[in-house]
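Visitor: What follows is each chain in one-letter form.
There are 4 protein chains.
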Amino acid sequence: MDLDLVREALGDQPFSRLLGTRLVDCGDGAATLELDIREELLQQYGFVHGGVVSYLADNTLTLAAATVVGPGVITSGFTIDYLRPATGAVLRADAQVVRAGRTRVVCRCEVATVDGGGVRTLCAVAQGNVAVTEPAGAGR
Amino acid sequence: MDLDLVREALGDQPFSRLLGTRLVDCGDGAATLELDIREELLQQYGFVHGGVVSYLADNTLTLAAATVVGPGVITSGFTIDYLRPATGAVLRADAQVVRAGRTRVVCRCEVATVDGGGVRTLCAVAQGNVAVTEPAGAGR
Amino acid sequence: MDLDLVREALGDQPFSRLLGTRLVDCGDGAATLELDIREELLQQYGFVHGGVVSYLADNTLTLAAATVVGPGVITSGFTIDYLRPATGAVLRADAQVVRAGRTRVVCRCEVATVDGGGVRTLCAVAQGNVAVTEPAGAGR
Amino acid sequence: MDLDLVREALGDQPFSRLLGTRLVDCGDGAATLELDIREELLQQYGFVHGGVVSYLADNTLTLAAATVVGPGVITSGFTIDYLRPATGAVLRADAQVVRAGRTRVVCRCEVATVDGGGVRTLCAVAQGNVAVTEPAGAGR
Numbered sequence: 008m009d010l011d012l013v014r015e016a017l018g019d020q021p022f023s024r025l026l027g028t029r030l031v032d033c034g035d036g037a038a039t040l041e042l043d044i045r046e047e048l049l050q051q052y053g054f055v056h057g058g059v060v061s062y063l064a065d066n067t068l069t070l071a072a073a074t075v076v077g078p079g080v081i082t083s084g085f086t087i088d089y090l091r092p093a094t095g096a097v098l099r100a101d102a103q104v105v106r107a108g109r110t111r112v113v114c115r116c117e118v119a120t121v122d123g124g125g126v127r128t129l130c131a132v133a134q135g136n137v138a139v140t141e142p143a144g145a146g147r
Numbered sequence: 008m009d010l011d012l013v014r015e016a017l018g019d020q021p022f023s024r025l026l027g028t029r030l031v032d033c034g035d036g037a038a039t040l041e042l043d044i045r046e047e048l049l050q051q052y053g054f055v056h057g058g059v060v061s062y063l064a065d066n067t068l069t070l071a072a073a074t075v076v077g078p079g080v081i082t083s084g085f086t087i088d089y090l091r092p093a094t095g096a097v098l099r100a101d102a103q104v105v106r107a108g109r110t111r112v113v114c115r116c117e118v119a120t121v122d123g124g125g126v127r128t129l130c131a132v133a134q135g136n137v138a139v140t141e142p143a144g145a146g147r
Numbered sequence: 008m009d010l011d012l013v014r015e016a017l018g019d020q021p022f023s024r025l026l027g028t029r030l031v032d033c034g035d036g037a038a039t040l041e042l043d044i045r046e047e048l049l050q051q052y053g054f055v056h057g058g059v060v061s062y063l064a065d066n067t068l069t070l071a072a073a074t075v076v077g078p079g080v081i082t083s084g085f086t087i088d089y090l091r092p093a094t095g096a097v098l099r100a101d102a103q104v105v106r107a108g109r110t111r112v113v114c115r116c117e118v119a120t121v122d123g124g125g126v127r128t129l130c131a132v133a134q135g136n137v138a139v140t141e142p143a144g145a146g147r
Numbered sequence: 008m009d010l011d012l013v014r015e016a017l018g019d020q021p022f023s024r025l026l027g028t029r030l031v032d033c034g035d036g037a038a039t040l041e042l043d044i045r046e047e048l049l050q051q052y053g054f055v056h057g058g059v060v061s062y063l064a065d066n067t068l069t070l071a072a073a074t075v076v077g078p079g080v081i082t083s084g085f086t087i088d089y090l091r092p093a094t095g096a097v098l099r100a101d102a103q104v105v106r107a108g109r110t111r112v113v114c115r116c117e118v119a120t121v122d123g124g125g126v127r128t129l130c131a132v133a134q135g136n137v138a139v140t141e142p143a144g145a146g147r
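Chains as they are written, first to last, in our numbering: chain S, 8 to 147; chain R, 8 to 147; chain B, 8 to 147; chain Z, 8 to 147.
None of these hints come from the bench; they were simulated from the model.
Being a predicted model, the structure only gives us computed values, none of them experimental.
Here a beta-carbon is modelled for each residue, glycine too, at the ideal position from N, C-alpha and C.
Hints should not be assumed to be uniformly reliable.
[To be verified] Some chain Z residues judged to face chain B by a derived CB distance under 7 Å, without partners named: (1) Glu15; (2) Asp19; (3) Leu42; (4) Glu46; (5) Gln50; (6) Tyr62; (7) Gly84; (8) Thr86; (9) Tyr89; (10) Gly95; (11) Gln103.
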């Protein structure tokens, strides 16, 4: 999958448009997504809502898998551990494939905030399973 | 925590307002949240985005824990397994406390869609850990 | 799969023989395994080692799935949360299928200790994914 | 904690003695454990039983946390994804601390087999939570 195709797939997700997610990079078993932190995405204490963090992890895990096995993928499930409250300008998720099997891809993801100076603060780690619903090159 | 306090806490979350989440019920180690499924919450195939499902699980797990140990809680992390694509009118999450310790509460959650006739279709199960940041009755 | 077949499969696992695991019941999407708690299975504080608890959860999740989709299954992974130190005479795990798909079965499991009077103390909950490697009725 | 103390703690676990686990290295937020693969540790297809793999991940996660926060730790729970059947001479787990908080340490772990020539084949990844039951330097 090239970058433009993945960007298009992301743009086709109404929920990702609502949140303002953008594709930073993807390829070779890795993907990076970002979104700008804004008031609407917070919880009651002024930090990014955990649901935004887990959404971004989920989506980035799936895209990392798609770079290896093609677009016919769907996330089966994942585990996320929150490490610190997320606050700052930008939320960024980096995911990598650990092992791509024929029907299942296992990936890991780190979600961090990035401040104006580019300093990255890790705020969650995730590990997930992506199911291959349609093998790459199967037409489509 | 009574129902009005929890409803207020939920209303204080900008992200929950953005998604339109409402408290259906909570108390005695259980909580139920719902949101109306609308176009903005979908992914590219017309189903509810996994990120919405995981957000709702996360939030409901936390509220279930709060009914036992008080409002000083924060979700440490959770595992979610998606079972079926979520589609329909309403997304509902039911969470229950499995074990409330002094510093950690373990909860389980089921997320289902509910159609107009009240028929429930299970679409995800989650299991999570909620940290007690402030013991109940510690002031606040 | 009938009870005798499952018992035989369990008996074919050298590690289950080493631990002394026995099949209590299985069928219709559920399975129960037990083992007698003995000194060799403990950690340094005199409780059952977490590794024994997680082993029993893993094995019971797999058997529960097998009762629905046949013997061609392998556990993909699972999450376990420990709730209490496990101590007593018998360790028992009960697993149930939550959703059996064509290629993946999601199950939940509770691990408890049971004392001489039959009183059950829950000590861990698990949620796992079992992969169907060979559909039921595919020969074998 | 120095290496001798950790080795002693491991030797105090009857279950780790039963399995033959040895400490290879630990310190600075990381730990490595190994065990020799032998017939008793297998499942019915001749591979290392998943329960042995998850036991080793669990134990290594805990030790990695202990190198940072001291011996007063207990694993709260973990997630494991199996990647490949484990076969070979030696099973090795490497764990690292991702984030050590005051009451909770999040760690990751890789479990691999190592053949006679030192070639490592990754067979599982885990992510876990370790609870700090007694802060370092609190006496013991």
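Visitor: Next step is simple, just say for each hint if it's right about the structure.
Guide: Status of each hint after checking the structure:
1. Glu15: Nearest chain B Cβ about 9 Å off; hint violated.
2. Asp19: holds (4 Å)
3. Leu42: violated (11 Å)
4. Glu46: holds (6 Å)
5. Gln50: holds (5 Å)
6. Tyr62: holds (3 Å)
7. Gly84: Hint on Gly84 of chain Z: holds, closest Cβ of chain B at ~4 Å, below 7 Å.
8. Thr86: holds (4 Å)
9. Tyr89: Check passed: Cβ of Tyr89 of chain Z comes within 6 Å of chain B, closer than 7 Å.
10. Gly95: Status violated, d = 16 Å.
11. Gln103: violated (19 Å)
Checked against the numbered hints above, the structure violates hints 1, 3, 10, 11; every other hint is satisfied.
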